[in-house]
Every structure is written in structure tokens, then in C-alpha cells.
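For this one, chain A is given, so just place chain B on it according to the hints.
Protein chains: 2
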Amino acid sequence: MDMLWNGWGDPAKAAPLPDAVTGLLGQLLGVVPRGTRALALDDIRVPGSPLDAAASGALADAVGGAAHVRTDADSRIRHTRGKSTPDLLRMRAGDVADVPAAVVLPASHDEVLAVLRACARHGLAAVPFGGGTSVVGGLAPARHCEVVAVDLRRMKGLLDLDPVSRTATLQPGLRAPQAEALLAEHGFTLGHFPQSYEWATIGGFAAARSSGQSSAGYGRFDDMVLGLTVATPEGTLDVGRAPRSAAGPDLRQLILGSEGAFGVITAVTVRVRPVPVARHYEGWRFASFEEGATALRRLAQDGPLPTVLRLSDETETLIGLAEPAAIGSAGAERNTGCLAVAGYEGTEEETAHRRERAAAVLSACGGTHLGAGPGERWAHGRYAAPYLRDALLDAGAFAETLETAAFWSRVPGLYTAVREALTGTLTEAGTPPLVMCHISHVYENGASLYFTVVSAQGEDPVAHWAPAKRAANEAVLAAGGTISHHHGVGTDHRDWYAREAGPLGVAALRAVKRRLDPEGLLNPGILLPVDGPAG
Amino acid sequence: MDMLWNGWGDPAKAAPLPDAVTGLLGQLLGVVPRGTRALALDDIRVPGSPLDAAASGALADAVGGAAHVRTDADSRIRHTRGKSTPDLLRMRAGDVADVPAAVVLPASHDEVLAVLRACARHGLAAVPFGGGTSVVGGLAPARHCEVVAVDLRRMKGLLDLDPVSRTATLQPGLRAPQAEALLAEHGFTLGHFPQSYEWATIGGFAAARSSGQSSAGYGRFDDMVLGLTVATPEGTLDVGRAPRSAAGPDLRQLILGSEGAFGVITAVTVRVRPVPVARHYEGWRFASFEEGATALRRLAQDGPLPTVLRLSDETETLIGLAEPAAIGSAGAERNTGCLAVAGYEGTEEETAHRRERAAAVLSACGGTHLGAGPGERWAHGRYAAPYLRDALLDAGAFAETLETAAFWSRVPGLYTAVREALTGTLTEAGTPPLVMCHISHVYENGASLYFTVVSAQGEDPVAHWAPAKRAANEAVLAAGGTISHHHGVGTDHRDWYAREAGPLGVAALRAVKRRLDPEGLLNPGILLPVDGPAG
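Top line first, the protein sequences correspond to chains A and B.
Taken in order, the first sequence gives residues 45 to 579; the numbers are from the numbering used here.
Taken in order, the second sequence gives residues 45 to 579; the numbers are from the numbering used here.
Mixed in with the good hints there might be a few duds.
[To be verified] Partner residues aside, some chain A positions facing chain B, computed with beta carbon under 8 angstroms: (1) Leu-270; (2) Glu-278; (3) Thr-280; (4) Asp-282; (5) Ala-290; (6) Gly-292; (7) Ser-453; (8) Gly-457; (9) Tyr-487; (10) Glu-488; (11) His-531; (12) Thr-535; (13) His-537; (14) Ala-545.
[What the hints assert, rightly or not] Among chain B residues calculated to face chain A with C-beta under 10 angstroms, some are: (15) Glu-242; (16) Arg-264; (17) Ala-286; (18) Arg-288; (19) Glu-303; (20) Arg-399; (21) Arg-401; (22) Gly-525; (23) Leu-572.
[Stated by the list, open to error] Take a look, some chain B residues computed to stay more than 12 angstroms from chain A by CB distance: (24) Leu-61; (25) Gln-71; (26) Ala-507; (27) Pro-547; (28) Gly-569.
Derived from the structure by calculation, the hints contain no laboratory data.
Even for Gly, the Cβ is constructed at its ideal location relative to N, Cα and C.
Extracted from the complex, chain A is given alone in its bound form:
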């Protein structure tokens, strides 16, 4: 099934906002219901594909026939941009300026190489396309030439499973649930459950350094990757012969996070773990975000670490976004202070022991145990937030998320700086927002902060949001955070990323890009600015 063209996920799962929320939007944020009818897919006017017969033919030859080169409007619209709120707002407005010339569907590594050769020969840019879930403009390349979306959905095999080493080699087009199903046949799991889980793909996780909600227990996706095969315009790169090595720089870590700008990832070898027998999610309440953050830090530094560990600030707890499944039904008395969710997965014995020791730490840090209820509600609603966003947009509200990470000592300053940047900018623009935040991932030395912003839409909602996003990016850098903890760079973070990496860091990456993609056909303008002649 294809994802909703102008929103998230499966249209059948769309749910209207609870009346309580609609009321809140009007009273608190001044959201006014939209007066205009939503556009249907058929209402969208897309110019015919600009691909000439020679280029079409070359692409068809590369992928075993014209059936795998799609130039119909429906396919091209569904491969236009990603799923950031500005992306959705543009689509809802009928703006398909970023539409690709064609969608090509290779079935193998060699076919991807052939596609890249055909693109080079015909002056086309190539955008690797997995689940299409980028929220940072990662699928909206610079348009100095026509663009082909290289959709990897046909590459959905489990290529190898080594139960002794506990490794699996997966093709990039596998959606996470498909990958989990293939691994489950052998008793294994990847343990990677980001909010985009239901739609995002293995290749996309690697290309964008995804991090899942169970990262405390299973690690980030870049922790899981042991090997990569990459198709580039200059040939094949194969990296990873051992879990760890002292043989030079770690080339895996050069490909991870390269967002399709260095090559198309065609196989990913990952570590896998036995499917857990026991699963237990529970809620804890802390009096303040600071108190809760200290508790999370203690678990991250001195253990034991739950498998899932997150903490909502006061606002997110109050609104109930910490448990999306419960929105609109929550008893208000539950929603004071800050809600933390701790989840434990593993064997019965190990899980019970870990949970008991973690509970002692959380209690000692001031936490109140709330039982399984809030944990289960969080787990039930863990993939629901993007649907909620669609409903908010339908209701005339604006809703977007952004995230960062820093060392622990900088987390409080980062939290304040980003909140103030968002609140200040949007208030000044006449749409005072609700800004909510949670700690989504913890490490020994730091943590990530994930912000959700809801406000009234401005007249031109994309333009209205832009200064707030810029202010948040500036605040992140000024407070010592990284411009993205798990969403990636894309085009939306590119200028701030360049400052974070520094001129010499950017120069080093540009040198790699030029060597692997000398004609600059891969995702131009994503991650790095388009290379000028003096570069």
C-alpha cells in the first residue's frame, strides 16, 4: 500500500480530533477552522513527464523494462517531497513544483548501478526513495536538472541470516515491519522502532542515522549496522568485515548519515537479537522536568538502562501527548508534573531484575510509580502522532516537531533556548504556540530533546513557520546542541549543519562526494550545498 499523498500513513487509520482537543485549540491557540475544501489527488495538475524517449529507454533498460519506470501523475505526486509539515502544507496547497520526472524501480544492486549510469548519461539527478518519510527536506533536491526518484521497494529481501554471529543482511527497500517479519521467522528482531516504523525502510534508517524509541536497549540504527553495500556512480563500495576494526577510519560511519548524497545503499548488514519474551512498560511521575532528567541521567550513567526511556516536560504531560492513545480521554489529575515512560524487554528473569533495580533508582530520584497504565497507553499510541498531526492540520492548526541532542550539562540550557526561540518567534508573529518537549533518547554523556510545536496557522503557513524554524536552529547551535539527533540534515538543516561541521569538515565531505559522485547527480543539494566550480 502507498502512503497518503498529502499526509501520513494509511488513510483508513485517520481519526478526527477529540472534541476536547478541538475546543482547546480554539480557546488556547486561537485556531480557526479552515474554510476551504481539501484538494483531492485528482485535483492536482502535474505537467507531463519531461523525460525524453532516450532517457526513458535507458532507465527502462537499467531496470528490466518500461514497467518499472513510472511517469504517471499519481506515482510522481506520491514521490514528491517527504513528510515534514511544510512538505504536507505544500502538497495540500497543490504545490507540486518538486515533482520528479519519473519514478524508477530497480530490483538489484546491479540495476541501481545501471540506473546511476543512465542518469549520468542523460543528465538526470537521482534521489534514493525508501519510505518517503523524511521530515527535513531530504527528498527535495536542488532542481538544476530533472530528477528521478529511485524507489527501492522491489529490493525487499533478507539476503543472509547468520544465527551464530547474530547478523542479518537486509535489502534497503524493506519497510521496518517487513524486516521484522522476516527476522521473526528465525526468532530474531532488529529492535528498531522509530515513530516512522510502519512506513520507513532499512535503507532510509541507515542513510539518515535513524534512532528508535527502544534505543536505550537496542541502540540507534547506526549502532546496529555492521556492513553496507553502496552503489555509486563510480562503482561499488562494500564495507564491514568485522564488528570493530582498527583498519583505518570507519567507512561505515562515512556512509551512515550521508542521506543518499554519496551513493545508494543497496544492502545493510545489521546485528539482530532474539525476540524478547518479556515486555513491560510503565509510567513514572516526576515533580519537574529537571528532576526527571536527573533520574534518566542516573540510569544512563550508572545503570541499569531500561529498553525504552523517555520523559515528557510539564506541558507535554499536561496536554497528554506523552500518551497519544489517551488524548481526549485523560483524567486531568493524572497529568501533573512530568511523565516518564520506562520499558523493559528481554528474558523474564533479566527484565524483572533490571526493572527492580531501575525502579529503586527512579524512586530515589523522586519518581512516583504510576503502574503499567501510562506505559501501555504510550506503547499503544507510539506510532500515532503523525496521524494526530494530519488531524490538527485538518482542523486549521499548525503542528511540527524538531529535535536535537547535547551533552548532559548543556541539556537544560538547550531546552530553554529552543523553547524561547519557538515561543518568541511565533508569539511575535501573532500565533502564540504550545511548545512541548520530551527527552527521547539517553546516553551516558548526554540526551536528545524532541520538541512539538502547535499553533494557529498563519496566512501562508509555510512562510509563517520559516522564521520560527530558523530561530530554533540558531538556538540549537548557540546552546551547544547538534542540529539533528535523528531526523537528519536534508535541505532544512543544511546551512546550520555546515556551521556545525565547520568549513574543513564540509570540505572533507565534499571531497568524498566529488570522488564518489563526480557529476553531482546524487541527491543534489541534500546534506551539502550543490558544488560550485571552485568548491
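For chain B alone, kept in the frame of chain A given last:
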């Protein structure tokens, strides 16, 4: 104190071989005592420094005066090559062909930048020099021009300590014990204890992706690094604003393992941990290497992991090298089967619990608990092996080590292939060796193998060893291992590393090198072959 110029460590710690070992060498390996007197440092003839006055002056200006530019024979000899057995044999033979033109001692990042500018201006190559402990030819660059050793010993400060984030920023010239002493003042430890611990430096650990004997508990050095500052001929590179990030490729992992070829590391931000209260090391015996390896794999995959975990094969156990402190005194009955050492460090309670659970796993896998004795003897002798090598060389024997890593399913084949390559080549050459091995580091998905070879010396011992080393390298690649798990690439592994990384991997690294070091003055010929005009 300076290290012994033609051997390891502190001359006062040198110890003669026990008679039992000397006898064994003669009877088992046909080792014949050397008839020639050892050369003294004063016997070595070094040509005068080829540095002209302009170059000397420029270097002196860079480092705040001529006192920090050394051109005396003693200093230059002590900065000639590293500590591989071929390196030592060449020094013992009076071969100082690789002697640097000068040793320059910068005191700051800016002085390193100035040294690199002076080198560029005067056509000099620059070799970053920390502890001088490379065992892979990492300090013997190509000699297409004169070479300056950039000794970092004056850069030995603790620049920052963040107790909340548990991070420390260290200068590169700190030897590991100096770094530990500085951190201990604040109650912290790095937990990095490789065999070279007493002499190696923080910068060297980072540049060569060191891995310590406590890696199961504290991680490899590349796991510990959170930030790096690097001086390059093109300026400064500063990387690492958060523990983990999705902002592009991980540039830290591009610098780690770059072995001085991309720049001089001038500051390293590492994670630190509280000094452990409890320490317990113990021995376990397994009937076979295979049985023991399975036990280690179970701990690595399903936990709990000890802080130290290693397993000697039957030969290493029999010879007693698993406990260097006990060599020559061991009761033979103890030395059957395969000795494993498990060490636990942490709080009293956590350590006791972990030890108890690990013991259950080790017992279930066929292990016999040997009590603390073998563990304590191993811990006591953990830095002794390089001294033992000196004594073996003195006695006329040849002794060298090499190491690799692979995914678990490939470990048995890798073990057999490398043993056979070494044994076959050296037996054919008339010096049948003893080949010993241990698993030195374990991961969920694989392990490292560390081999020790002892044989009679050939007529020309360096030339005699070369075919065996080549055969071992070939065996490593053919059996699916990485060419180095923790020693690095240097010049000794360079050609095999190029095959492991593949032509496009090498091309990408070369592109980075060219951008950061366009004149190729940094450690030329280390890691990558010297760049030709067509590259």
C-alpha cells in the same frame, strides 16, 4: 623518562628469561644463543641532521624557541620507527635509515598548526609522535623528503572535566597513566588499559583506534571518544557536539584510525567513568578453545559481560603466556585445556551480581572455576609481555604478535587459517614456530584473535619473518577477517588494508587526505600509499 631505544619500556624493569624457558627454546625451537655483543646507543652512527638553518629556524619559531627543536643523535634515534619486532631488530642491528631529521616539540594546538605550516614551506614531512609504540610501521613514513617527528609530550594537560556529562578533554601527549592520574583526582577513570598502557598516549590511542584489555566493560577507545580537535595543513577541524547525532556522517570516525595521515590530533574529549570500588579477576578452564569461545560468545550476546574477558588457546595456556607473571614457575597440571580470565569492576553490589550471573553461564558452558589466582597473575603481568619479547630477542629467539577480528561464525576458520599460514611458512623456512593465540576482545557479533609467534631467528631475522607475516595477512583476508583489530594499518598492513577497503574506499580516503593535506606532508605512506599525480 624515555623508553628504551632498542626495546620496550623502562630498562630497569628488564628481566632475564627463566631457565625453564631458555631450555624450552633450545629444545623445542632450536634457538641458538646469539654470539654477538648487543650494540649500545653510543655505538650507533647517525649522520648529522640534514635540516638547513632556514628550516630549523622556522620550526623553532613555530614552537617558541630552538630548545624545542632537537637534532642531537640521541633524540633522533629515540624517534626512529616504533616497537614492532622488525623495528627492534633493525635498531639492534644499528640500522637507523629511518632516522628523522629533527624532533620538534609543540606545546599547543596553534604551535602544531605553525609546525605544519613550517613543514609545508620547507618541504618536510611531519610524523605525529606520541608514545612511539606503533607495532605496524606507523612511524616509518615514505622517505621522499626529510622527516620531522612531531613529539607531543609537552601537550599533557587535562583541558576540561565535566562531571555532570562525565566527559574530559585531554591533550594528546598524555601517556595513559598520566591521564588516569589526572582523572583520578576527580574520581574518574578512562578505563583504557591496552598492553602498551604504560607508554602509549591519548593521541595515539585515537589515531590508531586502540582497544584495551578492559574493552568488554569500558569499550574500545573509539567508543570513548566524543570529540576531537585536529590540526591539519589546511586549518583546524573540530568535531563532536553531542554523544550521538544524525547530522551527517560521523566525522569523529573519519579521524579515528587516520593514523596521523589526515592531521595531528591536538585534543580528545572522552567519556569518563567513576573509579571502580570493586575489582575481581578470576580464572576459568575450558576443555577446548572451541568450548571456551562458545562460552565467551554467550556472555557477549546474552550477557552479562565481565569488564575483562579473554581466552587463551591450548598452546598459550600450556606455555603459560596467559599469565606472563607466572612463566617459569607454573605447575604443569594447571596448564591443560584453555585458560579464560574474567575480570569484574564496578560497585561492590553490581560486580557481585554480574560475577554470579556470568559464573552460571561459564559453568553451563563447561567452564571450571579456578579461583582468583590465575586472574590475579594475569592482572599482575598484563603489561609484561613486551619485556618478555626483549628477553626472547636477547636469547636469540624471534617473537612477534599480530591480531585480527571477524564475525563469530568466521572465527574458527580464521583461527585455523592464520595458525597454518604462520606455522607452514616458518616451518618451510627451517624455523618451526610455536604459535599461540587468545581471544582478546569480544562483541555481540564477533571477536578478535591475537596471535603470538615464537621461533628461532633466521640468519637475517627481518627478511626471514617477512614471508610469514605476508602469509598471515593473506590468510586473514581470505578467511574474512579484518587486517587489524587494534594495532592499526601503518605501513605493514597497508597493501592488505587497501584490498579490505576496496578501490573506492581507498579513493574516498585519498580524497579526504588530499583536501586536508594537499601537499602530502602528513605521515606519507602511512595508511594509504603515497599519492601519485594521477591518484
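Do the hints match the structure? See the list:
1. Look at Leu-270(A): its Cβ gets to within about 6 angstroms of chain B, closer than 8 angstroms, so that hint holds up.
2. A least Cβ separation of about 6 angstroms between Glu-278(A) and chain B falls short of the 8 angstroms threshold, and the interface hint therefore holds.
3. Among the interface hints, the one on Thr-280(A) holds; its C-beta lies about 7 angstroms from the nearest C-beta in chain B, closer than the 8 angstroms criterion.
4. Against a cut-off of 8 angstroms between C-beta atoms, the interface hint on Asp-282(A) holds, since the closest Cβ of chain B lies about 6 angstroms away.
5. A least Cβ separation of about 4 angstroms between Ala-290(A) and chain B falls short of the 8 angstroms threshold, and the interface hint therefore holds.
6. Interface hint status for Gly-292(A): upheld, as the beta-carbon distance to the closest one in chain B is roughly 5 angstroms, under 8 angstroms.
7. Hint status for Ser-453(A): holds, given a least beta-carbon distance of 4 angstroms to chain B, under 8 angstroms.
8. Look at Gly-457(A): its Cβ only gets to about 12 angstroms from chain B, farther than 8 angstroms, so that hint breaks.
9. Look at Tyr-487(A): its Cβ gets to within about 4 angstroms of chain B, closer than 8 angstroms, so that hint holds up.
10. Hint on Glu-488(A) holds. Least Cβ distance to chain B is approximately 6 angstroms, under the 8 angstroms limit.
11. The beta carbon of His-531(A) is positioned within 8 angstroms of a beta carbon in chain B (closest approach about 6 angstroms), and the interface hint is therefore held.
12. For Thr-535(A), the shortest C-beta to C-beta distance to chain B is roughly 13 angstroms, which exceeds 8 angstroms, and the interface hint is violated.
13. The closest approach between the C-beta of His-537(A) and any C-beta of chain B is roughly 7 angstroms, which is under the 8 angstroms cut-off, so the hint is satisfied.
14. Interface hint status for Ala-545(A): upheld, as the beta-carbon distance to the closest one in chain B is roughly 6 angstroms, under 8 angstroms.
15. Hint on Glu-242(B) is violated. Least Cβ distance to chain A is approximately 20 angstroms, over the 10 angstroms limit.
16. Because the beta carbon of Arg-264(B) sits about 6 angstroms from the nearest beta carbon in chain A, less than 10 angstroms, this interface hint is met.
17. Using the Cβ-Cβ criterion of 10 angstroms, the hint placing Ala-286(B) at the interface with chain A is satisfied: the shortest such distance is roughly 4 angstroms.
18. Against a cut-off of 10 angstroms between C-beta atoms, the interface hint on Arg-288(B) holds, since the closest Cβ of chain A lies about 6 angstroms away.
19. Annotation: interface hint on Glu-303(B) holds; nearest CB of chain A at approximately 8 angstroms, less than 10 angstroms.
20. Look at Arg-399(B): its Cβ only gets to about 14 angstroms from chain A, farther than 10 angstroms, so that hint breaks.
21. The criterion of a C-beta within 10 angstroms of any C-beta in chain A is met by Arg-401(B), whose closest approach is roughly 9 angstroms, and the hint holds.
22. Nearest Cβ of chain A to the Cβ of Gly-525(B): about 7 angstroms, under the 10 angstroms cut. The hint holds.
23. The interface hint given for Leu-572(B) is met, as the beta carbon of that residue sits about 8 angstroms from the closest beta carbon of chain A, less than 10 angstroms.
24. The claim that Leu-61(B) is not at the interface with chain A holds, since no C-beta of that chain comes within 12 angstroms of its own (minimum 30 angstroms).
25. With a closest Cβ-Cβ approach of about 37 angstroms to chain A, Gln-71(B) is found to remain outside the 12 angstroms limit, as its non-interface label requires.
26. Every C-beta of chain A lies more than 12 angstroms from that of Ala-507(B), the closest at about 25 angstroms, which supports listing it as non-interface.
27. Its beta-carbon lying about 8 angstroms from the closest one in chain A, Pro-547(B) breaks the requirement of being farther than 12 angstroms from that chain.
28. Residue placement check: Gly-569(B) keeps its beta carbon more than 12 angstroms from all beta carbons of chain A (closest about 14 angstroms).
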